[in-house]
Structure formats: structure tokens, C-alpha cells
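S.K.: Listed below are the residues making up each chain.
Number of protein chains: 4
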Amino acid sequence: MRELSIALLGQGFMGKAHSNAYCQAGHFFDLPYRLRRKLICGRDAAALARMAERWEWEETATDWRAAIDRDDIDAVDIALPNHLHAPAAIAAAQAGKIVLCEKPLALSLDEARAMADAARRVPTLVWFNYRRVPAVAFAHDLIADGRLGTIYHYDAAYRQQWGPDLSRAATWRMDPAQAGSGVADDLMTHLLDTALYLNGPMTEAVAVNRTFAPNRKVDDAVVAIVRFANGSVGTFEATRFGIGCKNAKTFRIHGSGGLLRFNLERLNHLEFVDAANPSTEQGPRDLLVTDLKHPIFGNFWRPGHIIGYEHTFIAALAEFLGCLSRGERFRPDFDDGLAVQRALDALQRSATTRAWTTIEAD
Amino acid sequence: MRELSIALLGQGFMGKAHSNAYCQAGHFFDLPYRLRRKLICGRDAAALARMAERWEWEETATDWRAAIDRDDIDAVDIALPNHLHAPAAIAAAQAGKIVLCEKPLALSLDEARAMADAARRVPTLVWFNYRRVPAVAFAHDLIADGRLGTIYHYDAAYRQQWGPDLSRAATWRMDPAQAGSGVADDLMTHLLDTALYLNGPMTEAVAVNRTFAPNRKVDDAVVAIVRFANGSVGTFEATRFGIGCKNAKTFRIHGSGGLLRFNLERLNHLEFVDAANPSTEQGPRDLLVTDLKHPIFGNFWRPGHIIGYEHTFIAALAEFLGCLSRGERFRPDFDDGLAVQRALDALQRSATTRAWTTIEAD
Amino acid sequence: MRELSIALLGQGFMGKAHSNAYCQAGHFFDLPYRLRRKLICGRDAAALARMAERWEWEETATDWRAAIDRDDIDAVDIALPNHLHAPAAIAAAQAGKIVLCEKPLALSLDEARAMADAARRVPTLVWFNYRRVPAVAFAHDLIADGRLGTIYHYDAAYRQQWGPDLSRAATWRMDPAQAGSGVADDLMTHLLDTALYLNGPMTEAVAVNRTFAPNRKVDDAVVAIVRFANGSVGTFEATRFGIGCKNAKTFRIHGSGGLLRFNLERLNHLEFVDAANPSTEQGPRDLLVTDLKHPIFGNFWRPGHIIGYEHTFIAALAEFLGCLSRGERFRPDFDDGLAVQRALDALQRSATTRAWTTIEAD
Amino acid sequence: MRELSIALLGQGFMGKAHSNAYCQAGHFFDLPYRLRRKLICGRDAAALARMAERWEWEETATDWRAAIDRDDIDAVDIALPNHLHAPAAIAAAQAGKIVLCEKPLALSLDEARAMADAARRVPTLVWFNYRRVPAVAFAHDLIADGRLGTIYHYDAAYRQQWGPDLSRAATWRMDPAQAGSGVADDLMTHLLDTALYLNGPMTEAVAVNRTFAPNRKVDDAVVAIVRFANGSVGTFEATRFGIGCKNAKTFRIHGSGGLLRFNLERLNHLEFVDAANPSTEQGPRDLLVTDLKHPIFGNFWRPGHIIGYEHTFIAALAEFLGCLSRGERFRPDFDDGLAVQRALDALQRSATTRAWTTIEAD
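The listed protein sequences derive, respectively, from chains A, B, C and D. Under this note's numbering, the first residue of the first sequence is numbered 3, with each subsequent residue one higher. Under this note's numbering, the first residue of the second sequence is numbered 3, with each subsequent residue one higher. Under this note's numbering, the first residue of the third sequence is numbered 3, with each subsequent residue one higher. Under this note's numbering, the first residue of the fourth sequence is numbered 3, with each subsequent residue one higher.
The hints are simulated quantities; they were obtained by calculation from the structure and are not laboratory data. A hint or two may mislead.
Note that identical chains are pooled: a pair holds if it fits in a single copy or bridges any two copies.
List of simulated lysine-lysine pairs, DSBU-like, C-alpha gap at most 35 Å [claimed, not checked]: (1) LYS18 to LYS295; (2) LYS18 to LYS219; (3) LYS40 to LYS18; (4) LYS40 to LYS219; (5) LYS219 to LYS295.
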């Protein structure tokens, strides 16, 4: 079995989630490659050493460019602050590396275009990991099978509640130069990717941004109406002031065939109303998406033995490696990341111009 | 249309619920009789006058026997403390009246037998009103249609939380001579009637009583295991110390065909797992039992416009009057009340003897 | 006790709901008036006769103007198709009658202004009955007490699912001349009234309308973003294509003090996250709003003995009569109905112009 | 840091869960030992080789006794069929090994006593892993802090639905000689351990067993009433015929201070009614037990980023190693396993004798 040497750029929360994926993918999936945790890069040398020891990375470097320059690195995984996604990804792609990149793909649409262009010849992945929640993948299957029929409404929200916490002012997430924006780049991009995955292309949007915390330079909330190419319409709300919600990424889809509802805080569940049932027997079914016949889940445990947040990374990685070995396109790749960026760009322009704004198809 | 003159015995909470049913039945159902609220009896003359005015009872009497002696009363409805059920019902039946009686039917199995015997020739009703919750009636239909298949488990509970309230010590419900027992006569009888309705005859039980409040003379909780003639087994729990529950009468039924779950606190709902669905699509469906094709509901409002506690009395009364006009047996009648009493008697004997106790079929 | 003679205009579903309120208000509330169901008006004489008999209206008339001309009518209650609200209300007010009117107040903002002007000297009520859901009233109390703190997000939706039913094409609700619009006048007005009640004045909105059914002349869905004077922002969605929802009027309010969530399909419930709790003990509390100390509920039954749709009309009526007897302003009155109409007008103009549109304060 | 060499006996589902724990514990917890996955034993050599490769066990052996005889093994972890727990554990203990053992501890009370005696001098762990669900640990904390007050009711159930699957007839779980019993040893032991952990010692029980599947030699369901030393009483139900439930291990505890409810299928949640709240604000709080201040959770991810089944093993192992390094008693150890066995033995005798049966304190 061929070996694949990984360099992970980033030592934060995402670095931990990715490290875990590299450890665990081979435990639950039949991988076509033997993964080698070769190099981890980060600026805080002391913390980096501890992280490397904990997650068994063979080497460390305090400059992410070290990963680019080495010939013994096959894949570069970027979990750096947002403003470094473009330079790192472009450099890695130009060096012929496989490139995996955290979301959002870029700080701007132009940057995202440059990244997609640079990476045209290498396999890519964007860490919109929530496509690999079994319940989300199962929702996708139901829709693809026509079970939802004509879609009328697609509503999505992502609500966290740490916005009032002023102690986070010094982090890169609060600096427009490093984060691009606030909740828009952070949470809205997840909503947009899931919507593109489940409901297809968007045509136009109108949006408004709000910053509730005093002296904050990035947006705390983005609220939008989005129209889709399939004729449906929906509301999108991303907020760090969704008090009462810890990590509530939700969608609800009403179609002629029924209703689908999801909430990331209970990610093993998918609610489904099947309009094909007799009217007396229609009601939201709380599916515990842990059957061995459900997508993804069977790789982990037995029915009802639920999985969590980290498993979405493991499954995304395993599927990426499968595509890689078969020479197939993995989704979401940089082109998918670019599509998200186009939608985000339209929302942000709309928030500025206060006008309905077209979302370009490509 | 023939007129039916009613005498209501009782001026408490149940008197209010019954009064409402007499007012409202004709508004929502096509009744075969014109109901006349002729006479209300109760011992507190001042309160009785106010109640008669509020609910438009034509006359009052402070002795329930007044209702028996009058020829212009067709039906006697007994909502008195438990110890008066037997004398009032027997007297009314012997006088040829239609007899409606609150649950429990009697203080003892012997009393219940005497009542059923005395009422053999008159139409009767026992106010186990919860059979007329649309969700419960729909559960009954699903089971009758074989949708649940072979039943394995039938578990039931009725939990209220006012047990710690010592201020109720002076009410008749805390006096064994008037109430018979505590939660056994009060809430357990409801569980037993619903179980007989949904799951059929019981064969044996083992039970334990607990009194948590100091100096209380009646039971606060009864917990039992019950075996049914159909081979299923279940737990029964009635308690006034179910802290956190206001009025949670619940059942859950596991059969080869699926699962049914109900909670009176959300009485418009029935949860249904249909094991006939593919395994990936099985999960508790939260049916809002407010479709026009659901039993009972269509008489009231439109889908999703929910009903409440009082509607169960209205529907029971309307159905009783329909049976009366057609000369059909209404259920639950005194024989059904007697069946509950047989089961309750077995539970109470078991609590004393600490032994499994047979529940006689009749 | 003074008598109040009522004329009800309308014999449809709302006529039934109002008739029930007139019957029941005195049974559960201490009314300052003796209500007399004097006259019911409707165009279908045969059905009207049956309805009058069923609900004990003393007289009938096939022209609603009969109610205006009679001196023995104190109050006129308008439950006619929308386009008749203005002529009937203005005529009744000019005749010095108390005027109660179904929502929406009018077909247009101009009409609504004329109605409010005409009714300046008479007591009025608009049947935004959902203000009297105990859970909604309790939400109002919590907000008024400052428990929610600074409000960040106010999201509302009203989803029904009968849109695909083409058999309704011939009803007045599908005729713009009689209904004004589709779901906008029908369901969006309820959302707007509740929002004004709970979250105060709105400043601007952007909206989009959608008609999904072929050949339909009214809107099936309205989706909007609304900004409030208090700085909060929210999404509003009213739809008849909310497949999977029977009657799901919902709101969710995120404030610095916590979260409130409501769904009309489970109207006895209010979900509350209290951010004042320690972080380990915060979570949505499913309050069963049936405590005797909760607003409104105590007039009906005991804790956990739930109420339904119809009780909101009963409670609104009872409170209106109380205000009337004390010479106090009842809310929502015609001025409140006018405020709703101003917001609706802005949404509808926005849907046409595709621009953010100011909602005038008055 | 000292190294600890592990031998895992067992290559089935539990072998996988334990292997994962050995891999992952050091990634999320600061362990006092460096764990070495030295040896895995199982009878199917081919499958064992694959498993060793996948989970990076250094060596394999097809006879579990190999683990006992080697000096370079510090800890023996037994995940064999039930009938091998006693011989393996006793041999390992006598060889001075640290012993970890899957539940149930033994096939019989006598066996369990012998195991506890043999292991008196070595550190032990029984894999009642559900004590380390953060929600269960948090329930324990709330109770220990007196938040539940006097406990009145403790009800527990464990429902799975694979009982009707006759294809499992050939597995060791269906053979009394290897499994001891059916659902009693399998699921009821989990219920009993959690009850002892949360609600303390039991005094007596009455139970009934049912076998629903034809020709099956072990019990499919056990239903019991259990009385506790603290005066509370409860129902216990373990079943493989809980159709509609995948892995629903539940408890509900009513005390003077409120209510706690849990369901393993949503293991990140704990429902809590705090009776100390005003009556208008009491209701089940759905706590998402993923706060950094909650027990255990903070070692994994951020608030709202949920964990799953496997994390209970990881956390149990990490805590065990901490106790080991500090010379403290870990719970549940073999004495706790023995306590479960005493309760189980009483239930099983009661099912045979049909009598209330004392549960010995020790």
C-alpha cells in the first residue's frame, strides 16, 4: 500500500480536529493509502512540540513554507487563519502537492478564483466537513431520489452564542485583515456550502449585516433571503448572538414530497415528513441516522451507538482518499469552495448596496 | 328531537368539566337529543347557586337524592366524591335513570359488582374520558388494524406532582373512607382503563404502594408489573410525587409492527414508529392528531388547530348519546368500570400480600 | 348586570370560532356583561338557520347591513371576507356600535386608515387572537420584565401546507378582490401583530413574494427580512407551501437574557433558555404554560390540563369586555390593526420594488 | 513517563471499542502513562491479524492465556464472551496483572465473588462505560449536590429491537452457557450499575422474565420493580423487543428537588426540571451537556460539538489511569461489578420464585 505523507499547517482547534482525522481514518475505513503524519507547522514552538507529541506528528516547523519546500510531503493540509489560506494553497498547488484547506476558501472572491486556478491540476478538498454528517448525506440521498419533490423553501441558520464575549477581541477571528469578515466567513460559508450541496445553485440574494458588540470590526450576524435556480426561496441567518444555541447549524427544506429538518447539535438525527404517507400518518419522523444502511455511519459503530463532531472529518478524509486513489473528483473541492465564495460575495455586496444582488453561476 | 333532562350531582372540578360538556356537545356534534341542564346538586348552596347561574342549570338541590326522586330527570350524572358513587348510581339505576358516573366506579370490587348488577337494565357510562382523546382513539384504530402486530410491552404511567402539598390534607381525596385509596383510585384507574381499551385483558400483577408524605392515610404512589392475556408485559406507575410532571398520563406500546407513545400533557400528539418502513426510515413520527380523517377531531376545528382537556368529555358525551339513540352499548360502561375495578383490586391485594395476584377475567 | 347584544357577521369557520367565544366566555370568566347572541348575518340562508340553531343565535339576516340599522345591537363582530371588513366596520362605527373585526383589518393601508379614523370614538377589537395564547402572553411578560435583555434576533414563520390543493381555487381567499392578497393578508398579518406585541416597532423591511401554484392570482409565500426599532433583525416567512406543517405559527427571540421559542401547533408550550443560569444548566426549558399563575390559563382548568385553539378567542373576548367595562383601551384595537397594515404595506411594496422599504411609525 | 503494556483479549465489537480507547485516550487526556498496545488475543487468526494491523497492536495470540504468562504485560483487558470473564480475570489477577473486564463481571454471583476475591490486590475496572457519559456524570453531580432532594422514583429501561432477528441464534449471546442469560446479563447489568451509581443501594426486587422468540434459550426481556435503601421505588425494563428503539438506555429520577431524564440515543443531552424555579418557570430543560465546565466533555471539543458512544470508553480509561497513578480506587471496579451481580442475582431468583427477593448489601 502506497504511503502518503501529510503536512498539517495549523496548531489550533482545527489542527486538533484534522490530526484526529489522520489518526482515525484508517481505524474505521479501508484506506487505499498508509497515512504518515510527517510534519506539523505552527508559530508557537513550545505548544507545537506538545501537539506533535500528543498526535504523533514526526516533525515540526515554525514556518508553514517548510511544508512546501520539502519533496517528501505529498499533501498539505491548511488549517491556518483565513488570510493565509490563499498564499499557502497557491504555493502548495504550484509545488504539485495535494491541497486540503479549511473553510472559508479565501478572504475574497478574487483570492478564491486565484486559488482555484492555481490548484487546477492537483487534487483538492475544502473542509466543509458537514457534508459528511450521515444525516446530511442521507438528506442528500432522499432529495436525489426525488423524495422531496419540488422544493419550495430552503431555510438555514447557524447560531452560536459567544458573540457577547469581549475577551475574544484579540483573536484573529476578530481582525478583518486575518479573518476577512466575522460570522460571514466563519458560519455563513458552512450554510452556503450545505445549501449548494442539497438544493443546488443560487440566483440572487439580499442581505443585511449587524455588529452588536461595541467596537467590534467584524460582523456578528448576517441575515439574508436567497433565491435558488430551482425556484425555491429561503432565509439564511448566521449569528454569534444566537443566545441559547451552542452550535446550532440547521436547515429545513419544504418540498412537494415533504419536509427535512436538521440541527448540528443533534447531528445523529434527521427529521423527515413524508408527504406520501396518508394524511393521518404524516408527521415529523425523528430518524436516528445510525442504521448500517445509512451513508457513512456503518463504518463506525452499531445502530444507536451515536457518533459526534469529529467523525465528519474522519469520513471526509476517508472519502477524499478513496477518490484520490480512483482518480475521481472529490466534492467539495476548490471549485465548490469557489462557488461558496461567489455566493458569499453577493451577500456581502448586497449588505453594502442594500440591493438584491445576482449570484453568478460561475 | 327528543329532549333529555340531565341532573348533575357534584359541584367541583368534575362538575365544571361535565357542565361544559353538556353546553358544548351540541355545538360540535349532531346530537340525537336536545339536552336540558335541568338540575345540579351539591352541598354548598351558595357556591351551587353561582355554579348554576354560570353554567345555566335550571334548578339546584343540596341533596343528591332529589335527582333520583324526580320523574322529569332522564339521566343522572355522578361527579360526587368516590364513596357516593355506589349509593347514587344504584339509586339512580333502580329508579330507571340513565346513569353516568365519574371514575373510579366504586370504592371496592364488591361495590362495583353491586353497581354493575343494579345498572344491568339502564344505559351507563363511566367517565374514563381519555378514551376520547383523538390520539388515543387513533392508537386504538392502528392496533385494531394490526399495525402494531404482536404486542410485547405495554408500559403506562400517570405522574402528577402535587403530592408534597400538605395543604390538601383536609380534602376528601386524602380520606380513605371517601376516596377509597389515594393515587390508586385516582390515577391508576385511568391507566388500567386505557390499557384494557388498547391492549385487552390482564392476567396477573404484582404491585407495591408507597406513601411518601408524613401522616398521610392514602397511597401516594403505586408501582406494578402487569401481564396481559396477549402475552405482553408492562410496568404501571401512578404517582403524585412525579415531580416535574403536571399531568403526564403516558403509555408506550412495543409490538412487532412498531411503537406507539402518548403523553396527556401533549394530547394532540401520538408518536408512532412504523416497523414496516425501511430500516433507514424508521423513527418516531410525531403525529399531530388533528387531521379531519382522524377520529373525533374533525368535529372540532381545522388541522393543526388543537383541542384540549375538555374536548374529551364533550366527545365521550356525544358518542354516548349516539349509542343511546341507536340502542347500542356504549363503552366504557359500568361493566368496563367493573373490569378496571377487578384489576385495581388485584393490584391492591398484591401490594398487601406481596405476591403475584391473578386478575379475574370476570 | 348590563346586557350586551351582539350581532355576528359571518357564518364560516371564523363565525364558528366567534360563536363559541360568545357561548363560553361567561363560563370561564367573570364577565361584566350578560352577552346576548342576538343576530347572525350571512348570505346562505339555509346554512345560516342551522348555524343559528346550533349556536343559539336568536335571529338571522342575509344582509350584514341589518346589524347596523338595528338599535338593539350593541356590538358588531365582523367575520366576513376581507373586502367587507372596511364597509362593515365603518358603517358599524358610524352607527355608534362597538366593533370587533377579524384580521386583516383591511385590504389596503388606505382602507385601514379610514377604518381607524371612523372608529376613533367606539371601542374596537381586532381578532389577532394569538396574543391570548397563555404562552404568548407569558412570553410578553418575560420580555416586559427584562428577562430577555437586549433583543438581537426576532424570527417568525407561519407555515401551512394546503397550498398545493387546487380545489380551493373558487374560494374568496384565492380572489385578490376579496382577500386582498394570499398568504400576506392571511398569515403574515398574524406574524406582524405578534412581532409588534412582543418586539415593538419595525423600521424597514425587504420582502419577496412567491406563487407556486399554477394560475393562482394570490401569493403563496412571503419571505422578508425585518429590522426593528430596538436594533434587532429577523426573518419572516409566511407560506401555504410549508409541507409538513399543519398550522405552525412560530417565533424565536434571541436576547442577551436568553431565548424564547413558540409554535402554535403546541400552543400550551413555551421554550425558554435563561442565560442567567450557570452555563452548565442552560438549555431550552419546555414550559407547559398551564400553571395557575400563568396569564389567562387559570381561568380554564388545572395545571397540565391543556387548552386549545378556541380558548384564545374566549380569552380575547373576556379581556375586551373587561376593558370595555372599565373604560380602558383594549389591545389589539383598530390602531394596532392599522400598525400591522403599515408593516404589511411596506412588505408588499418591497416585494414589488425589490428595495428595502421604510415602515412608517404612524 | 512510565510505559504500560496492554493485552486485549477479544476481537469483536468490544475489542474494537477498547482498541479505540487505547489509541485515543492520550490524544484527549494528559495520561500518566505511555500506553503500549502490545498484544491482542482472539481465536480467529486471520481476522485477528487484520485487526492488529488496523489498530496497531504489536503482537497477536490465539489463546488468551498467552497474555497471562508473559511478564511484559502490565494490564489485561477482557472483552471475551461472558463465560470467559471469570477464568481470564482470575488468572490475570493471580499473575499480578491490572485487570479490566467487560460487563457483566461474571455468569453468576458465585463467580463474581471469586473474581472480586482473586482481584483484591490488583487494580481493576469493569467496563460499565456509561458512567462516563458526561450527561450521566453531570446527573451524578447534581444528585450529589442535593439538587434532586429526596428521591421518590427511579425508573430505568434499556430497549433494543434486534430480538426478532433469528439469524443471531448461533452467536454466543444466545447460548446460556456462554452468555449466562439473555438481556439480563447484557442490558440489565448496565441499568443496575447506573442505578447504583446514581441512586445508591437496592433492598429488594420482584421481577419477571419473558422470552418472545421461539426456541430461544435465553430471556428477551426482564421487567422488575426495585426498592432502594433511600426509600425510592422504580421500574426496570431491559428488552431486545423494544421495537422502535435502537439503543435506548434511559433513566428518569423524580425527587423533591426536581426531575432528571436521560436517553443514551441522545447521550449529549440531560433533561432537568429544577423544582427550585418558580412554578411558572419549571419545565424540562434540555441541557446539551457539552459545556467546558461539564464533567469530562471539556477534554474533547468545544461547546455544542458533540461526542458519541466511543468517548465513554476513552474517558473511563483515562480516569482509570489517573487513579492508578495516584493509587486511588477507581469506580466501577470489581467490587462494583459484584454489587451489580448481587442485584442481578436477586432479580433472576425472583423471576424463578415469583417472590419479592432481598438484595444483599454485600
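S.K.: Is it within, between, both, or neither for LYS40 and LYS219, if the alpha carbons may be no more than 35 Å apart?
M.R.: neither (38 Å within a copy, 54 Å between copies)
S.K.: Between LYS18 and LYS219, at a C-alpha cutoff of 35 Å, which is it: within one copy, between copies, both, or neither?
M.R.: within (28 Å within a copy, 48 Å between copies)
S.K.: Could you figure out if LYS219 and LYS295 sit no more than 35 Å apart (CA to CA) within one copy, between two copies, both or neither?
M.R.: between (47 Å within a copy, 30 Å between copies)
S.K.: Cα distance capped at 35 Å. Does LYS40 pair with LYS18 within a copy, between copies, both, or neither?
M.R.: Answer is both: 15 Å inside a copy and 26 Å across each meet the 35 Å cutoff.
S.K.: Pop the pair LYS18 and LYS295 into one bin, within, between, both or neither, using alpha-carbon distances up to 35 Å.
M.R.: Both: 30 Å inside a chain and 20 Å across chains, each within 35 Å.
Hint compliance for this structure: hint 4 alone is broken.
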